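S.K.: Chain by chain, the residues:
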Amino acid sequence: MAGTSTVTLRIWRGDATGGGFEDHEVEVSSGEVVLDVLHRIQATQAPDLAVRWNCKAGRCGSCSAEVNGMPRLTCMTRMNILDQTEPITVAPMRTFPIIKDLVTNVSFNYEMAKRVPAFQPKPKPPEGYRMAQQDIERVQEFRKCIECFLCQNVCHVIRDHEENKPQFAGPRLFIRYAELEMHPLDTGDRRELLQAQMGLGLCNITKCCSEVCPEEIHITDNGIIPLKERVVDRRYDPIAWLGRKIKMRRSGRAE
Amino acid sequence: MADHEVHEFDVIVIGAGGAGLRAAIEARAQGAKTAIVCKSLLGKAHTVMAEGGVAAALGTVYPEDNWKVHFRDTMRGGKMLNNWRLAQIHAQEAPERVLELEEWGALWDRTEDGRVLQRDFGGHRYARLAHVGDRTGLEMIRILQHKAVSMDIAVFMECTIVRLLKDGDRIAGAFGYWRESGKFVEFKAPAVVLATGGIGKAYKITSNSWEYTGDGHALGLWAGADLIDMEFVQFHPTGMVWPPSVMGILVTEGVRGDGGILRNESGERFMFRCIPEMFKAETADTEEEADRWFTDRKGARRPPDLLPRDEVARAIVAEIKEGRGTPHGGVYLDIASRRDPDYITRRLPGMYHQFKELADVDITKEPMEIGPTCHYVMGGLKVDAETAAATVPGLFAAGEVAGGMHGANRLGGNSLSDLLVFGRRAGLHGAGYARSIGARLEATSDQCEEIARDAVRPFDRSEGENPYGIQKELQDTMQTLVGIIRTEEELLKALDRLGELKERATHAVAEGNRLYNPGWHLALDLKSLLTVSEVTALAALERKESRGAQTRDDYPKMDPEFGKVNVVIRTKDGEPYVDQAPLEPLPQDLRELVEAT
Numbered sequence: 150m151a152g153t154s155t156v157t158l159r160i161w162r163g164d165a166t167g168g169g170f171e172d173h174e175v176e177v178s179s180g181e182v183v184l185d186v187l188h189r190i191q192a193t194q195a196p197d198l199a200v201r202w203n204c205k206a207g208r209c210g211s212c213s214a215e216v217n218g219m220p221r222l223t224c225m226t227r228m229n230i231l232d233q234t235e236p237i238t239v240a241p242m243r244t245f246p247i248i249k250d251l252v253t254n255v256s257f258n259y260e261m262a263k264r265v266p267a268f269q270p271k272p273k274p275p276e277g278y279r280m281a282q283q284d285i286e287r288v289q290e291f292r293k294c295i296e297c298f299l300c301q302n303v304c305h306v307i308r309d310h311e312e313n314k315p316q317f318a319g320p321r322l323f324i325r326y327a328e329l330e331m332h333p334l335d336t337g338d339r340r341e342l343l344q345a346q347m348g349l350g351l352c353n354i355t356k357c358c359s360e361v362c363p364e365e366i367h368i369t370d371n372g373i374i375p376l377k378e379r380v381v382d383r384r385y386d387p388i389a390w391l392g393r394k395i396k397m398r399r400s401g402r403a404e
Numbered sequence: 142m143a144d145h146e147v148h149e150f151d152v153i154v155i156g157a158g159g160a161g162l163r164a165a166i167e168a169r170a171q172g173a174k175t176a177i178v179c180k181s182l183l184g185k186a187h188t189v190m191a192e193g194g195v196a197a198a199l200g201t202v203y204p205e206d207n208w209k210v211h212f213r214d215t216m217r218g219g220k221m222l223n224n225w226r227l228a229q230i231h232a233q234e235a236p237e238r239v240l241e242l243e244e245w246g247a248l249w250d251r252t253e254d255g256r257v258l259q260r261d262f263g264g265h266r267y268a269r270l271a272h273v274g275d276r277t278g279l280e281m282i283r284i285l286q287h288k289a290v291s292m293d294i295a296v297f298m299e300c301t302i303v304r305l306l307k308d309g310d311r312i313a314g315a316f317g318y319w320r321e322s323g324k325f326v327e328f329k330a331p332a333v334v335l336a337t338g339g340i341g342k343a344y345k346i347t348s349n350s351w352e353y354t355g356d357g358h359a360l361g362l363w364a365g366a367d368l369i370d371m372e373f374v375q376f377h378p379t380g381m382v383w384p385p386s387v388m389g390i391l392v393t394e395g396v397r398g399d400g401g402i403l404r405n406e407s408g409e410r411f412m413f414r415c416i417p418e419m420f421k422a423e424t425a426d427t428e429e430e431a432d433r434w435f436t437d438r439k440g441a442r443r444p445p446d447l448l449p450r451d452e453v454a455r456a457i458v459a460e461i462k463e464g465r466g467t468p469h470g471g472v473y474l475d476i477a478s479r480r481d482p483d484y485i486t487r488r489l490p491g492m493y494h495q496f497k498e499l500a501d502v503d504i505t506k507e508p509m510e511i512g513p514t515c516h517y518v519m520g521g522l523k524v525d526a527e528t529a530a531a532t533v534p535g536l537f538a539a540g541e542v543a544g545g546m547h548g549a550n551r552l553g554g555n556s557l558s559d560l561l562v563f564g565r566r567a568g569l570h571g572a573g574y575a576r577s578i579g580a581r582l583e584a585t586s587d588q589c590e591e592i593a594r595d596a597v598r599p600f601d602r603s604e605g606e607n608p609y610g611i612q613k614e615l616q617d618t619m620q621t622l623v624g625i626i627r628t629e630e631e632l633l634k635a636l637d638r639l640g641e642l643k644e645r646a647t648h649a650v651a652e653g654n655r656l657y658n659p660g661w662h663l664a665l666d667l668k669s670l671l672t673v674s675e676v677t678a679l680a681a682l683e684r685k686e687s688r689g690a691q692t693r694d695d696y697p698k699m700d701p702e703f704g705k706v707n708v709v710i711r712t713k714d715g716e717p718y719v720d721q722a723p724l725e726p727l728p729q730d731l732r733e734l735v736e737a738t
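Protein chains in written order, with the numbering used here: chain A, 150 to 404; chain B, 142 to 738.
Same shape as in the complex, but just chain B (with noise of 0.2 Å):
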């Protein structure tokens, strides 16, 4: 076996998005010896791509917000199959958590009296999301990048986890390799915080970048640990459609919070026909009421545009699905007719740029094409409210990579407050855990050695397959056959195709040598896409029902008896089975903020 580097430490994070940065600081800051481990360079993880904001009853805007309608909102979003505890100490601690980043130096935009402004999203009763313009993801990024720099926590950037190691039961570190020359890096932590992010690279049409492929996910099942609700994929309802090349990529929800609406090829605002029930009390049915709404809080109903995600985007694929679509196969989505130039470049000035660079569209002037697009992940790690440990002793989890907080559907604002609320917690309990276990523990030599052997074999093989060619394919099957609307003949279909895919996989081949080679790093990442997708797939075939993100043809209906039970995904002789668990029952004084209207 070739010597590797060794390195080790009290807690190592890996991922260097807002949940990993956060995590890190607060073990850093409880005085254990922290790394944090990422693929890409320092402040590019995905929280960079956040645009519309971080949703925190801060009262600043409407006084009549607090932690209980933030609550409420959140359970109701996630058709109340969220942890209720993981989803009340989120909407307690994010007002605590954006008002810290201002300490640490965040600038988000400000009210005429100089506090901080809240900027409306769909789902959220009051305007709730602390922001800067339509770029909220990259000031967070960088002030958490900022402060973790200052405070002595070691950074192994571009390095990629292939394996966590374990001494027994309990987690011992995490094995990878450096991939700028190749070579393999050890890494010995008694506690490991995962803050991967999602998986929406295993989707064709996908808002999310080549790191999104599962890793945290996977790493996660493969050494032991519980994944729920990993049926609830949510497809983003606006993403460009036009041209080709930029399908996909993000247009913040702020677009309609600011006063944007959705229109059909025939200019029919059809979000009014698709007002679900649970929304009907809340929701406004005229344009009338919907336009006076943007000026008179209190006497009109919020826009059916501003419903949750789920609802918005399902909405659009009917339309288009009815042959109301737009010429290049989506929907409008228009501000141009609604707001005057200036105040569009001034509150989405990002937005305004992308268009008009990427598209040649003046969203002052024109309507924008969008349709729906793979943005994130419900479903993850199993983790404990308080803790966010993971069912492996050691292992943690936070941000979008963690289970629970948003049940069934996430609203748009919750994922920032989340990485940063849970991105705390696991750093403070992972720090806390290290302590106590004191002694360092041991993986086996020969974990590393087989990790090493097995990751080097593509280069093994002289011929074999493209790996570019299996991703392919694997983003064809789940965009086709486990996306936003799914039946269990598509679903067996998926899991037919990636079983193929698996085996084909093991023969993905590498060519040239082991410095900085996309190729090789493509094959190893095909082993957590593959996980992902195939978990996807069983948990969604389990659920014979639609909520939230899951919307079954066969099965169109809400079912009470799944309202009850999180699919959960675990392995037996490393292969993953479904199996299903009851949900926690909501305590009878916040069932009762809930049903509030």
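Bound-form chain A, shown alone (with noise of 0.2 Å):
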């Protein structure tokens, strides 16, 4: 096989009450990403080390570390790209608290994903729903969403800020709530509990969460911001205002 060499691993390891890094001499082939060599320890020097994974191939979002600083996906991260004259440092994502070694709690991600108001389709016609492909595009990007929650980590609001968790669904959900707005069928309107439960307010834009995006989905441009704007629309434009009222007048509704 093509070219083996050997690097040091300088992986955290600890749990809730502390720890610290340690180096890992180790073997790195050719071709291999940071979790083929987390694996390799494993297999080979450190049987416990925890270590989150499933597909191994950008597809389930499991791995997410920071390496050397960088969020990233583990399964995703070629060993080539980086300096392998000096260690590599593997530490578990920041934001959310630590269970053993590179395993986070990310409970916080699923217990704000219970809070978003399920979708609600339109009646389907009896012929079934018929969509444009154009139409649903946008939505099609914000579901190429693994739930790495490396956006989630990297989000300034909470990530030296746990007291901002409680009313800050983050990136990840705020593009499942442009999901569900921008959906051609759903008759929802989050947009009062987006701004005043879910802190859409609190993002000002830095675009942090789009670039470390391994799916490289628009968070910012394509999710966040026309979902302040469509918040903006409903709470301060009069005309918008005027005119949405006519129309549910219209059309028998009450707000």
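There is no bait here: all hints are sound.
In silico lysine-lysine, BS3-like type, Cα no more than 30 Å apart, as pairs:
(1) K329(B) with K263(A)
(2) K634(B) with K705(B)
(3) K324(B) with K314(A)
(4) K293(A) with K314(A)
(5) K174(B) with K263(A)
(6) K273(A) with K209(B)
(7) K497(B) with K356(A)
(8) K263(A) with K324(B)
(9) K263(A) with K293(A)
(10) K293(A) with K497(B)
To be clear about the criterion: a stretch of chain A counts as covered by chain B if any three or more of its residues have a C-beta under 8 Å from a C-beta of chain B, and this derived list gives those stretches:
(11) 181-193
(12) 201-212
(13) 256-264
(14) 280-291
It should be emphasised that the hints constitute simulated quantities derived from the structure, not laboratory data.
For clarity, every value in this text was computed on a predicted model and none was experimentally measured.
A virtual CB, placed ideally from N, CA and C, is assigned to each residue, including glycine.
From these two lone chains plus the hints, build me the complex, please.
M.R.: Structure representation (structure tokens):
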């Protein structure tokens, strides 16, 4: 096999009570990714090294960590893009509480997901739904999300501000809201909720989330900014407000 | 005995892939108090990896498609060994299940007139796969996940079940541990739905993740349920072969459905030499006709590149064996010379990304190097077609862990539809069964104590075997001796080695403590891995013929006598043994459908 070399992986080891970095010298073959090397360490040096992973193909979003300080999927981070003459640090995502080693407690994201009001489709016509491809492409972009939570991890609103978590859904969930808001069949309106309880206003569009997204979803430009516009539109735009009132009165619906 | 956490439900579903989620949604909709227990985080299960699409005769692209044609294709693809009633229900209900996901928010790719677009896949007569680019599984799991979350279903994530509990002959629940803390947890429930997926981690080159250790197959067998068709392990023809670290990662059949072709080292389209008798009438025999098929469905027959997976995988193996493989031991899959870059990146964005990132290959400019990879097990728990009930009262199974639906070989796209159709049925009938039981069943407390004691043994040993080493040897054994092409001699050798590994696994040692400890988890997973490996080898030995995914070098032909039976695995005194059971005869009206050209 072409090219093996020895590198030092500096891995954070520990649990909720504390821990620190430990060096592991390990062999690396060409073509390998960081997760391959973590697995080799597990199999030969540290069988209890905790790493979360599933697909090893960038499709499930389980193996997120901070490699040399950069939030990444370890299964999609090729060793040859890293400087192998220096120790390579691998640390758990900082925004979430540590369980053990590289595994963090990401339940915050699942709790926030429970608070998203479900999809509310228009009634289905007898011949089935018809939708144009161009009308669903934006939502399809958001659906590429693999829930790796790297966007949540880098978002400065919560990264070092645990106190913001209860009132801030975070970029992953904003994308989920955007997906519902822009869904051609959905009839719900989650704008008030977004502003009042999900902390949409706290985002000041620094785009850190978009930069780390392994699926290259334009989280800020295509998701959060349009959501902010819709919220503003609903809350402050008197003409839009009046227009909506008239429309609703005509269709006999109360707000 | 240390205290452990206890939960009571009407129905517990083990596994949170498509089948498990769909089962839980249905059970809850029926009013059952329902829980999902899964080894990973919610939304990470293997369904997420499904790429190409979900098969359903919607007839949006070809109005002449209907359940009868889908049924025919499925039975022929399965070399007529399928349980016909499972295949019939599947073909009839798949369209409804696929469209139902739209009501829950799914956004399938669309036709020009705004309906669900369908894609070509191997073995399907018409373009039949509803899809979302090449990330269909992700869309499905997310939609099912959101639906489940909105329905008050309890979810126990990162929780591994190690045994099912019984009250006499009936299922009474399940016992497992939290992966995070290592603490034990008991679920009392009259109905248990197994939706644990497959066994692919028994092989070295596999498209399957760490979770695929055959848990449900083993849990069912240990609880007294029958397994069928375990000899049929599907090797997907197109897995990545280079670099070594990505060997086995799936390359969707959609590449061929969208125009990609297979070539050997010298550039020859070798599939034209590999068309079996059964498919001659419906397969193009010249390159000109095969190419024309993409634009002229009525006047041309399908390219041989789109034969069922067993045929294509076998052809690739033969090509490599005869020295016509690529430098890295595969063959070429070429779409670059056939479609323009825009088309490729639009239809196959995941594949483009995967090859670019992991192999430095631009699939719009160069061919991919591919080879077969372990992908799916057709075998599983023997189930009743109407109810998805296994052969132990209270036990249900859906998705890959159930057997019979796909016969000797599964068609691409039929797995995603299978898990929707029979996930729903398992949830429906699991809830109905739980209702009919009324009173709670009780597992005797010594069942739990014994399981717990056994589970922590790897910590009691100060020295012993490294579980990772045992797993590696097991994977090497299955890959080389129970792989795509098999012989009696090799299968016997495999059983010998598996016997040794089974013994060594009882000395597997875990270091550290019970907090999120992958070494310990693997030591426990080895039990089910070893069990499913052994029964696969036993079943492969019993079937002395070549059919579908089972290729026996020493019995190279299909044997009509073996076409009348399923190989069944049962246990006696805890040890698996092999048996045969006659297939349900195919009713005349359905036989006519299958024999129609």
